[in-house]
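*Asks:* Spelled out, the chains give:
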Amino acid sequence: MCGIVGLHLLDGDLEPQLGQLLSAMLIQMTDRGPDSSGVAIYGDVVADGLLKYSCRAQRDSVDWRRVASECGATYVAHGDGAVLIAEPGLRERLEADGIRVVSTGSAVEVFKEVGLPAEVVQRFDVASRHGYQGIGHTRLATESAITTDGSHPFSTHDDLCVVHNGSFSNYFSVKRDLEAMGEEFLTKNDTEVAARLIGYEMSHGRDLGDALMVLQKQLDGFYTLLCATENQFAVVRDAVSCKPAVVAVHDRYVAMASEYRALTELPDIDNAKVFEPIPTEIYVWSRP
Amino acid sequence: MTVAAATVLDCDQRSVREINVELRNLEPGSVVRIVNPKGRHNLAVGLMKHLDITFAGSVGHYIGGLCDGVQIQIDGFCGWGVGENLMNGLIRVTGNASERAGATAHGGTLVVEGDAATRTGISLKGGAIAVGGDVGDFSMFMAQAGTLLIGGDAGEALGDSLYEAVIYVAGSVKSLGSDARHEELSDDDVTTVTQLCAIACFDHIEPQNVKRIASAKQLYHFDALKAQKY
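From first to last, the protein sequence lines stand for chains A and B.
Mapping to this note's numbering: the first sequence position 44 is 44, numbers consecutive.
Numbers in this note's numbering are just positions in the second sequence, counted from 1, shifted up by 288.
It is possible that some hints are incorrect.
To be verified - The following label-pair restraints were derived from C-beta to C-beta distances: (1) A/G205 <-> B/Q432: 49 to 57 Å; (2) B/S474 <-> A/E15: 54 to 62 Å; (3) A/N170 <-> B/G317: 50 to 58 Å; (4) B/S460 <-> A/D210: 21 to 29 Å.
Because the hints were derived from the structure by calculation, they are not lab data.
Think of the CB as a built atom: it goes at the ideal place given N, C-alpha and C, for glycine as much as any other residue.
So that you can see chain A by itself, here it is in the shape it has in the complex (with noise of 0.2 Å):
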């Protein structure tokens, strides 16, 4: 099965809630998927020649004033979770110092972990989040184990997510081909492949939709996406569709989840156009 959600704001009056409401549909979605679960973020865009960096210890402990001092770096704390504010490049130094950099980018920040909606969006704090959209995913695993790497969303190249309800099945020979263009994979996992796929072909210069239909060509196996950028907020499924999606599009905001259920706390809910998005049509929303 596996959970997704995610909320694209067309009005700015709305993004004091956007924490709120994501984990309200995060948590809706919650009998999809046990395993684990996590956010993206995006708001608070740091200024030209900076970088965010979502953080998680791989040890017990970790200072995270002394590490962001040694950087250079400013942080915030969101729960467990931490954002470092700094230069390019920090990725290596910090992996080195038994840290995970989970996202990077100038709007993105992500938190994930195993366990259920409820924690983990407690565990960071989600609720009370600000920002212009996030995604959202619950996972029931199936094509690698159970671990905080292994959870959604994904998140391979700057400011770029993704979610995932299916399972590819062609995913090691397209893996494959990335590595021997110098793409790194960290773990198993079959969303991580469409994940980078996307980032690779976005950083040669194609643009979301585009990238999207290099993954329709080269990925087979069921699949409703759910993708991010800076400035955009995707939707793609499998011509055959058997995983579900809900659209709704509302003057004040794009909602998507694999269930309407998740969507009934929106303002005005009511109002939105809902629908089911077309098997291989590509929707893709841009901020102005």
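Starting from the structure of chain A, add chain B where the hints point.
*Replies:* Below, chain B without anything else, positioned relative to chain A:
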């Protein structure tokens, strides 16, 4: 004539099971309003009597499945398999329907005022489905009997491997499935479409201008000489 006061069932106060038990215990002919459905699944299933049920809001999967004689109105969107295996009665969805609306229904009528997604009427065994808007890919796959009326356009592989069921389309068809073909529209067809439009309250369809799609019946019997072509 007096109109019975509606029984109100609130999904915020009761579980799906409790609501279904209450519906089962109501007298035939009761009028019921179900409030705050909030996308819940499996409501109003397997009811073997006439009840007049309105859902005040969007619902989840498998609403009204297996019912025999109900009248259901859903004010909003509905999830997978609305009216799946419906035996008799009328279900109306005022918004869009998710995939496999009316799958395997034996009788009754399902009306979707908006669009219906993929696999609408898959394996239909009787009754009628009327969709005001578009239907998705693979609609009416292996449908055996009954009718689908499409007020808008149809997706890929419409009517693949049809048996005796008939499809009427007002708009365009992206592609026909194996063994489905366009046929001449008869006076009986126009009458059928006119009646179905009246039941569905559709006034945007011109019955004499719809396309009739039915089985070419070339897959009914195995042909040894075509063994390589199936």
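*Asks:* Now tell me if each hint is right for this structure.
*Replies:* Going through the hints against the structure:
For the hinted restraint 49 to 57 Å between A/G205 and B/Q432, the CB-CB distance of approximately 51 Å keeps it satisfied. The hinted window of 54 to 62 Å between B/S474 and A/E15 holds, with their beta carbons roughly 59 Å apart. For A/N170 and B/G317, the hinted distance range of 50 to 58 Å is satisfied, since their beta carbons lie about 57 Å from each other. Our hint of 21 to 29 Å for B/S460 and A/D210 holds, since their Cβ atoms are close to 27 Å apart.
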